[in-house]
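If you read the protein sequences in the order shown, they are chains X and R.
Quick note on numbering that gives the first Met the number 0: the first sequence kicks off at 0 and runs consecutively.
Quick note on numbering that gives the first Met the number 0: the second sequence kicks off at 0 and runs consecutively.
Be careful, since some hints might not be right.
[As the list claims (entries may be wrong)] List time: in silico DSS-like cross-link candidates among lysine-lysine, alpha-carbon distance up to 30 Å:
id, chain 1, residue 1, chain 2, residue 2
1, X, LYS181, X, LYS123
2, X, LYS491, R, LYS85
3, X, LYS534, X, LYS429
4, R, LYS85, R, LYS69
5, X, LYS240, R, LYS85
6, R, LYS146, X, LYS173
7, R, LYS231, X, LYS173
8, X, LYS173, R, LYS52
9, X, LYS123, X, LYS44
10, X, LYS165, R, LYS79
11, X, LYS434, X, LYS534
12, X, LYS240, R, LYS52
Since the hints were made in silico from the structure, they are not lab data.
Each chain, letter by letter, is given below.
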Amino acid sequence: MSSRKRTTALAALGVASVLGVSACGGGGTTGGTTSGSNAAGGAQKGGTIYMLTKRPAEHMDPQRTYIGRDIFNQQRLVYRGLLQFPAGKSGADAIVPIPDVATDTGKSEDGGKKWTFTIKDGVKWEDGKPTTCEDFKYGFSRNFATDVLTGGPSIYPLNFMPSVAKAYKGPYLKTGQDVYDKAVTCNGNVLTFNFEKPWADFPMAIAGLNFAAPFRQDKDQGDKNNFVIFSNGPYKAEGGKWTKGTGATFVRNDQYDPKTDGNRQANPDKFVFTEGLTNEIITQRLIADGGNDKYAITDRSIPPAFYNQITGDVAKRATNVPSPYTFYILPNFNKMKNLKVRQALAMSTDRAGYINALGGAKAATLAKSLVAPDLPGYKENPAFSSMPPSGDPVAAKKLLQEAGVAMPYPITYTYQGGTPTSDNAAAALKSGWDKAGFSVKLAPLTDTYYDVIQNPSNNSFDVTEGGWGADYPSIFTVLPALFDSRINLTGKSNGQDYGNYKNPDAEKIMDEAAAAPTADAANAKWQELDAFLGKDVAYIPNYIQNFYFLHGSGVGNYNQNPAVSQFPDLGVISVNK
Amino acid sequence: MFAYIVRRVAAGMVMILAMSLVTMLLFFASPADPARYTCGKNCTPQLLEQNRKALGYDQPVLSYWVDFTKGIFVGSEFPKDPALKKSAPETIADCPAPCLGYSPQSSRPVRDIIVEKLPVSASLAIAAFIMWMIAGVGLGIVAALRKGSIVDRAIVGSALVFYAFPTFFIGLGLYVFLALKWGIVPVPAYTSIADGGVGLWLQGLFLPALTLALVYIAGYIRLTRAFVLEVKGEDYLRTAQAKGLTSGRILFKHTLRGALTPIATVAGLDLGGLLGGTIITEQVFNYDGLGRTAVMAATTYDLPVTVGIVLVAATFVITANIVVDVLYAVIDPRVKYS
Numbered sequence: 000m001s002s003r004k005r006t007t008a009l010a011a012l013g014v015a016s017v018l019g020v021s022a023c024g025g026g027g028t029t030g031g032t033t034s035g036s037n038a039a040g041g042a043q044k045g046g047t048i049y050m051l052t053k054r055p056a057e058h059m060d061p062q063r064t065y066i067g068r069d070i071f072n073q074q075r076l077v078y079r080g081l082l083q084f085p086a087g088k089s090g091a092d093a094i095v096p097i098p099d100v101a102t103d104t105g106k107s108e109d110g111g112k113k114w115t116f117t118i119k120d121g122v123k124w125e126d127g128k129p130t131t132c133e134d135f136k137y138g139f140s141r142n143f144a145t146d147v148l149t150g151g152p153s154i155y156p157l158n159f160m161p162s163v164a165k166a167y168k169g170p171y172l173k174t175g176q177d178v179y180d181k182a183v184t185c186n187g188n189v190l191t192f193n194f195e196k197p198w199a200d201f202p203m204a205i206a207g208l209n210f211a212a213p214f215r216q217d218k219d220q221g222d223k224n225n226f227v228i229f230s231n232g233p234y235k236a237e238g239g240k241w242t243k244g245t246g247a248t249f250v251r252n253d254q255y256d257p258k259t260d261g262n263r264q265a266n267p268d269k270f271v272f273t274e275g276l277t278n279e280i281i282t283q284r285l286i287a288d289g290g291n292d293k294y295a296i297t298d299r300s301i302p303p304a305f306y307n308q309i310t311g312d313v314a315k316r317a318t319n320v321p322s323p324y325t326f327y328i329l330p331n332f333n334k335m336k337n338l339k340v341r342q343a344l345a346m347s348t349d350r351a352g353y354i355n356a357l358g359g360a361k362a363a364t365l366a367k368s369l370v371a372p373d374l375p376g377y378k379e380n381p382a383f384s385s386m387p388p389s390g391d392p393v394a395a396k397k398l399l400q401e402a403g404v405a406m407p408y409p410i411t412y413t414y415q416g417g418t419p420t421s422d423n424a425a426a427a428l429k430s431g432w433d434k435a436g437f438s439v440k441l442a443p444l445t446d447t448y449y450d451v452i453q454n455p456s457n458n459s460f461d462v463t464e465g466g467w468g469a470d471y472p473s474i475f476t477v478l479p480a481l482f483d484s485r486i487n488l489t490g491k492s493n494g495q496d497y498g499n500y501k502n503p504d505a506e507k508i509m510d511e512a513a514a515a516p517t518a519d520a521a522n523a524k525w526q527e528l529d530a531f532l533g534k535d536v537a538y539i540p541n542y543i544q545n546f547y548f549l550h551g552s553g554v555g556n557y558n559q560n561p562a563v564s565q566f567p568d569l570g571v572i573s574v575n576k
Numbered sequence: 000m001f002a003y004i005v006r007r008v009a010a011g012m013v014m015i016l017a018m019s020l021v022t023m024l025l026f027f028a029s030p031a032d033p034a035r036y037t038c039g040k041n042c043t044p045q046l047l048e049q050n051r052k053a054l055g056y057d058q059p060v061l062s063y064w065v066d067f068t069k070g071i072f073v074g075s076e077f078p079k080d081p082a083l084k085k086s087a088p089e090t091i092a093d094c095p096a097p098c099l100g101y102s103p104q105s106s107r108p109v110r111d112i113i114v115e116k117l118p119v120s121a122s123l124a125i126a127a128f129i130m131w132m133i134a135g136v137g138l139g140i141v142a143a144l145r146k147g148s149i150v151d152r153a154i155v156g157s158a159l160v161f162y163a164f165p166t167f168f169i170g171l172g173l174y175v176f177l178a179l180k181w182g183i184v185p186v187p188a189y190t191s192i193a194d195g196g197v198g199l200w201l202q203g204l205f206l207p208a209l210t211l212a213l214v215y216i217a218g219y220i221r222l223t224r225a226f227v228l229e230v231k232g233e234d235y236l237r238t239a240q241a242k243g244l245t246s247g248r249i250l251f252k253h254t255l256r257g258a259l260t261p262i263a264t265v266a267g268l269d270l271g272g273l274l275g276g277t278i279i280t281e282q283v284f285n286y287d288g289l290g291r292t293a294v295m296a297a298t299t300y301d302l303p304v305t306v307g308i309v310l311v312a313a314t315f316v317i318t319a320n321i322v323v324d325v326l327y328a329v330i331d332p333r334v335k336y337s
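Make the full structure from the sequences, and use the hints.
Below, the structure written as structure tokens:
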């Protein structure tokens, strides 16, 4: 499972095809799961943890990293930022930002437009030099060099500092440097961000993403730095870099002072990352549990073919938790303009059949909203909370008749196909929709999928699918990203608004939520927006992908939680000697 | 002969450049947008355009190819941005000739990537080559000498079993049973001689090389058997027998010399093909060689790496062809090139 925060639906859907399903050994709650003989505490120091994975890291440059797995592995091991999430906690407690290199979680002024942090003394880079306010200011400036540093979550700094983004081209060309120097200032060890819009959950953003991580100017070589790792965390990379396609080994950073941290346990002496393995080999190795694989973990779900092998002692080493990734079905508003037709579509959607095709309850959990349950402000969408998982074709047929359209009503469902699993899942949807009076044509696509559904002029489909995970724990990074036509719809592309949804009333609520001075006020507005979108059938929540992972018998303090996007938390993990 | 070699090398170079152009044409003809892949989530049209520019895919394919070809002969630098070079020269990656481009996904010159991955593929190819040549030719000779016997049938039959299975099946089978379930050999992992010495290097190569060898052995057993049987019927061998030479001398000095010449030709071409990367075996055993890198490059729309590996693989095949053709003339005096 690709399991990435930055994942566009492209990758999010791609991972659906490799979902693992099986009996569950560990947790099973949305809050996270913990296992291991010393899970309750008293973790042993020393030893080596081996991370076995498939998907190669795309970036190790903190400002460019946009994959959840990599963001949190970096945070726990090598990159310390202003704030962080607690290690080893579960549920809502896991996503409360706490200080890291900053002395506190920041002071907000001017309705969330101005944020001030004080930098701690004693936090050092791996060469012994202190991590300074200037390092943070320089690191943040790199987000504006979008011509050199591609792929990162720079959209957030650019969005909240639009004038700076217009004038300033980053620290390499230095054009507009004076504008940036006014927006982000250092006064001794006090760092101030002057945003042009309120950013109520800025602490959440910088704990959940690395775009505000510090960066040493004298170490910066632009794109050439992409896989270079210069640490101020508890570990450092052997050889100072990540080797793409192979991985890296992390050893203790002797310049790290745990007294300046208090969160990362840094139990093992070493972490060895191996990337490029197949899911099948990873699973086979973890089932066999031999040699160093006793101390191995993974971020890949167990493939369905291995279901029946996850029994007995092996099952005790398996964990199954809902991931942060929600998958949804959406009507194309350029074609499906009749609300009753959309309601009929929603009412007849056989989500249970879809989940069964994926592998059943161990593979996925029925979604009650596009918003993932772990996010602050989550509430089941009232439009879908009581909808039968298998749909109600009779009620749907009635709605379709009320719509006054000719029946059977022809629709084309375009999905990312090419695998038996995706085709079976699509067939389940077709069956439910056909029963309700639709005449469904299935149109699977492979490489060209996003070129088709992102083309606003392409009216070849009526219904399609998408997948999304929040960038950081805020609904702000979910609903506007997918349904705000002002940021998505251009002449050439619909961005992430695959259904070409455009509704001024919905956008008014988005603006009110974004302008809310507090997170609670914003969350109330986001709930209102989600209910509005549900009522308008802008989307139909389908399922939440489950993470079904195995780990070795010698792994201690094994923990998956929302702070690390439900991946293994390297901040607490240990080796049982 | 010298003129012939020069002509073949020149033709080979033209072919390699033509292959680079064809690869680029195919890449640019793809409906997928590589910039979309590198742009990240929340990609705005402006960011998408900047990604396309950073990747170098904003220029026409012919212009891209001309830049690439020029880089092979005179070198290049990335990104090609005079303003950036002036204000932040440390961000410019130098790529001296022969420059095969710069991978935006790996943030390195392609040549460096190939130099890093080639030893892995070469080690695997050579180890497998030695295995299948010794086993394939040896068993082929035994089968020929015992023609029609149960030994002959057993050798040819069992080899065909492995030949019938796909490489990934054999590889996974060996991996799972020999390494994981039975623990007869350690979990395979490539260790270079510099990092772990010859022992670990050979240990790591054993299973993947055996996988490749098992696939090739069947063909070589049958080839060797057929050629040895063919040569055994030649007049000069009867003459040798009539002169009273020992059977061992007849086999090794006369029979094999005649029979193995065409096998050497085939073996050279096979080895040349494998040096460019063994995609499936490298994938199964997670060997970070040219084959696995090629797959990763193709799936991440990394054009420079794709082109670089295509060119290296083509160079091996073309070189092997030229060497084999030249060797023909050396081995067989009847062959003359003019």
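Q) Is the hinted pair LYS165 of chain X and LYS79 of chain R satisfied, with a Cα-Cα distance of at most 30 Å? A) With a Cα-Cα distance of about 23 Å, the restraint between LYS165 of chain X and LYS79 of chain R holds, given a limit of 30 Å.
Q) Are the Cα positions of LYS240 of chain X and LYS52 of chain R separated by 30 Å at most? A) holds, 26 Å
(Q) Just to be careful, I want the Cα atoms of LYS181 of chain X and LYS123 of chain X compared with a cutoff of 30 Å; is the pair within it? (A) holds, 27 Å
Q: Decide if the proposed pair is consistent with the structure: LYS146 of chain R and LYS173 of chain X, CA atoms, cutoff 30 Å inclusive.
A: Violated: LYS146 of chain R and LYS173 of chain X sit about 80 Å apart, past 30 Å.
Q: Could you grab the alpha-carbon distance between LYS123 of chain X and LYS44 of chain X and see if it respects the 30 Å cut-off?
A: Distance of about 22 Å is within 30 Å: holds.
Q: Would you mind confirming whether the straight-line C-alpha gap from LYS534 of chain X to LYS429 of chain X stays at or under 30 Å?
A: holds, 23 Å
Q. Does the structure keep LYS434 of chain X and LYS534 of chain X at a Cα separation of 30 Å or less?
A. Within the cut-off at roughly 23 Å; holds.
(Q) Just to be careful, I want the Cα atoms of LYS173 of chain X and LYS52 of chain R compared with a cutoff of 30 Å; is the pair within it? (A) holds, 19 Å
Q.
What's the verdict on LYS491 of chain X and LYS85 of chain R, does the C-alpha distance respect the 30 Å limit or exceed it?
A. Distance ~35 Å between LYS491 of chain X and LYS85 of chain R Cα, so the pair is violated.
Q. Hey, LYS231 of chain R versus LYS173 of chain X, does the alpha-carbon distance stay inside 30 Å?
A. violated, 80 Å
Q) For the pair supplied as a hint, LYS85 of chain R and LYS69 of chain R, is the alpha-carbon distance within the 30 Å limit? A) Satisfied, since the Cα-Cα distance of roughly 23 Å is no more than 30 Å.
(Q) Need the status of pair LYS240 of chain X, LYS85 of chain R: alpha-carbon distance at most 30 Å? (A) holds, 27 Å
In summary, the structure is inconsistent with hints 2, 6, 7 from the numbered list given earlier, while agreeing with the others.
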